[in-house]
Amino acid sequence: MTDLSPEQGTEAARRRPRRWHILVFLAPAVIIYTAVMILPLIETLRQSLFNVVDGEHVFVGFANFATLFGDPRWASDFWNALGNNFVFFLIHMAVQNPIGVALAALLSLPGLRFAAFYRTAFFLPTLLSFVIVGFIWKLILSPIWGVAPWLMDLVGMKSLFGPWLGKPGSALITVSLVSVWQFIGIPMMLIYAALLNIPEEVIEAAEIDGITGWGQFFKIKLPLVLPAIGIISILTFVGNFNAFDLVYTMQGALAGPDKATDILGTFLYRTFFGFQLQLGDQSMGATIATIMFLIILTGVCIYLFGIQRRIRRYQF
Amino acid sequence: MSKARQSKLRTSLVHVALIAYTLVALFPVFLTIINSFKSKQAIFGQPLRLPGPSTFSLIGYETVLKQGDFVTYFQNSTIVTVVSIFLVLLFGAMAAFALAEYRFRGNTLMGLYLAIGIMIPIRLGTVALLQGMVATGLVNTLTALVLVYTAQGLPLAIFILSEFMRTVSDDLKNAGRIDGLSEYAIFFRLVLPLVRPAMATVAVFTMIPIWNDLWFPLILAPGESTKTVTLGAQLFIGQFVTNWNAVLAALSLAIFPVLVLYVIFSRQLIRGITSGAVK
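Residue numbers (my numbering), protein chains in the order written: chain B, 1 to 316; chain U, 1 to 279.
Only chain B is shown next, with the shape it has when bound in the complex (with noise of 0.2 Å):
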């Protein structure tokens, strides 16, 4: 019944002459897809080129872009804005990583009990919304009901307690610890899946060749788990640069203190769609929306030509 070759079922396929299952099976998806995503989003970088001048929608060319790196005013907040997103970033990828990564290691030691349990829990906070993330930590930050003074307290270290959230100095830092704290489970997972997929063999070639504990990990394990790495550095550059909810939940649309938490993310929402006092400028909004685009663009390129090629692959 089923001797047909799949050489012979293509051929069938050849045949017929036109299949318009395949239309309908993809057309939904690119509908949708092309419609709600990809045209908006050349519509906005085209945007980007326009201004309104004299009441009339007129092609400006770079002006927008000269208005924004040139007009003092537009240029210190853009500077500032893409600054501390880079410290935002640069956080992310020296703490959330490396913490995730020892998280991921420890897990996936072999015949480590309750394993399950320190995965769910770690994840948790991943899955929370910004909103909570952000408020819990206002909440127990505020020097008002004192439970982080306390806790402090308990390691000695109430003196150095301060305000955090309000001082220009250290509140981009805090919120982005929040946000290290509340992303950490994601390189978590990729990297204990990474090691799980490493084969027992390796391993146990290591410890006949007498490497275990601490140069097992830096000398076998690591090395193999290098492209998950990789991965993670990439979608937490995307995620970091395309954030927004964590500092607006935290500490407004203004980004304060002072715009001290301003990332690229609230300045396009302050500038697109207003806040107070400031009017909302669609092609300042498009023309943020575009460097943002840009930026990640260049990420992506990076990593993908840049990186990805480069890393060796190991197959098992």
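Calculated directly from the structure, the hints in this document are not laboratory data.
Note that the coordinates shown come from a computational prediction; the quantities given were computed from them, not determined experimentally.
Backbone N, C-alpha and C define an ideal beta-carbon position, used for all residues, glycine too.
Check each hint, because a few of them may be wrong.
To be verified - Label pairs and their in silico Cβ distance ranges:
(1) U/D170 <-> B/R113: 12 to 20 Å
(2) B/K158 <-> U/Q41: 18 to 26 Å
(3) B/P199 <-> U/D170: 22 to 30 Å
(4) B/R113 <-> U/L65: 38 to 46 Å
(5) B/P227 <-> U/D170: 26 to 34 Å
(6) B/T212 <-> U/D171: 43 to 51 Å
(7) B/R310 <-> U/D171: 36 to 44 Å
(8) B/L277 <-> U/V263: 24 to 32 Å
(9) B/G166 <-> U/K8: 45 to 53 Å
(10) U/I19 <-> B/P199: 25 to 33 Å
(11) B/L222 <-> U/I19: 37 to 45 Å
(12) U/I19 <-> B/G83: 52 to 60 Å
Assemble the complex: chain B is given as a structure, and chain U must be docked to it using the hints.
Just chain U now, with coordinates in the frame of chain B:
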């Protein structure tokens, strides 16, 4: 003997580290929930105690249920999330099947085109998206959110599902063809049931960002009748910021559905991630 003791020591150190981070991960949530059941005095007086008979109070929940329209918000979030997931799974699986099953001109190109959305966030098109929604009269409707979230979820869904569909045996499909099944019947009756585990994984991945999103509800559907739980909680807490009972109760109410779903689906979710569904 000493080696055994050494490894025991090592294991306990590992557990100490893991328990320490478990506390870091769970403590804030725990703190919020226990304090939401306490009177205002107790919240400030003894924030770390469990609610006792003298400190127990539901005043926060009463305020939330009286003042905020959380039932509507909850309904909106549920409708948006469920409909979006359904569309992502249906349309995503159909497209994934077309890409995985048939050879046609432009197959690879179509796959790449659909994959752009995995890396480029849909938010960057917000300016034109809002104009489009205004032009079509979809602002302040749940349809707008469903459309956006469907478009947002499709790329990853297609990517993951087509990987899985390539593993479905050709013999099975060809047997179906010989028995006279149409291509549609092969997809719906043979292939879909076989990729059900992958569909569950995709559903969970799609659900989290939709349920938690603040950006699009804020911009596309801020009206009272279309607010989602996330936006509703944000605005409610903003208004009641000095009423700690109400804030803590609202937070606990927002955490609750996530916790329940997580307990039910955590196995599925973690298996999905660790089986390499997101490579």
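Okay, the hints, checked on the actual structure:
no.: 1; hint: U/D170 <-> B/R113: 12 to 20 Å; result: violated (43 Å)
no.: 2; hint: B/K158 <-> U/Q41: 18 to 26 Å; result: holds (23 Å)
no.: 3; hint: B/P199 <-> U/D170: 22 to 30 Å; result: holds (28 Å)
no.: 4; hint: B/R113 <-> U/L65: 38 to 46 Å; result: holds (42 Å)
no.: 5; hint: B/P227 <-> U/D170: 26 to 34 Å; result: holds (30 Å)
no.: 6; hint: B/T212 <-> U/D171: 43 to 51 Å; result: holds (46 Å)
no.: 7; hint: B/R310 <-> U/D171: 36 to 44 Å; result: holds (40 Å)
no.: 8; hint: B/L277 <-> U/V263: 24 to 32 Å; result: violated (46 Å)
no.: 9; hint: B/G166 <-> U/K8: 45 to 53 Å; result: holds (47 Å)
no.: 10; hint: U/I19 <-> B/P199: 25 to 33 Å; result: holds (30 Å)
no.: 11; hint: B/L222 <-> U/I19: 37 to 45 Å; result: violated (24 Å)
no.: 12; hint: U/I19 <-> B/G83: 52 to 60 Å; result: violated (38 Å)
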